[in-house]
Amino acid sequence: MDPKRRNSLRLIVVPLYLTLFLLAGCSAQQGPAMETVEKLDLDRFMGQWHVLADISTPFDRDAFVPLESYTRVGQNIVETVYSYREGNATGPLRERHLKAFVSDESNAVWAMQIFWPIKAEYRVVFVDPDYQTTIVGRSKRDFVWVMSRAPEISAPALTALLQRTQALGYDLSKLRLHQSPNALDTGSSTRTAPEPLSPQ
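All residue numbers for the sequence shown refer to this note's numbering, where the first residue is 1 and numbers rise by one.
All clues given are correct.
Below, simulated BS3-like cross-link-like pairs (lysine-lysine); rule was C-alpha separation at most 25 Å, straight line:
#, residue 1, residue 2
1, Lys140, Lys99
2, Lys39, Lys119
3, Lys140, Lys174
4, Lys39, Lys140
Here are the in silico distance ranges between beta carbons for each label pair:
#, residue 1, residue 2, range
5, Pro129, Arg72, 18 to 26 Å
6, Pro156, Ile118, 32 to 40 Å
7, Gly74, Ser173, 35 to 43 Å
To be clear, the hints were calculated from the coordinates, so they are not data collected in a lab. For glycine and all other residues, C-beta sits at the position ideal for the given N, C-alpha and C.
Build out the structure end to end from the sequences listed, making use of the hints.
Now the structure itself:
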């Protein structure tokens, strides 16, 4: 197929598929209420976050070395750029531009606009006091992103984040691990080890 035609088809089919996917998710039963951080400092939260592990949407399962970048552009608006390498760690660089609307006094509940008028729930459920690591989830426990300012963190720190993720109600066997599996504390018996990505 001609590349231009393939790209045009992708622009039509992907948004349609995503809309159907999100609408189907709206009817899914939600788990217990997922608490967010008490008060998120939006300005401190802005900037780049490396995704260390995630349960991603079907459209991001071919994404390697993912990176989230946040820029505050209004009182309650955050421009978001999701960048990644397609197919493998040296694949083509791709970017997805989204807009988030802060929808709660805690600043920790966002309505992420995938494309107009579709918005998805995005909850900042953990951030450390220094704003160096964070966990973002959803009430449905379908997707989650474990992130850090650094591309890799220590084994104990990563293990602690994964334990927090499990305590939120996520099945860690569904996680994709972007940080090197060697960084994990595989001796821990308090969690289920995540399924690692293919070698990058």
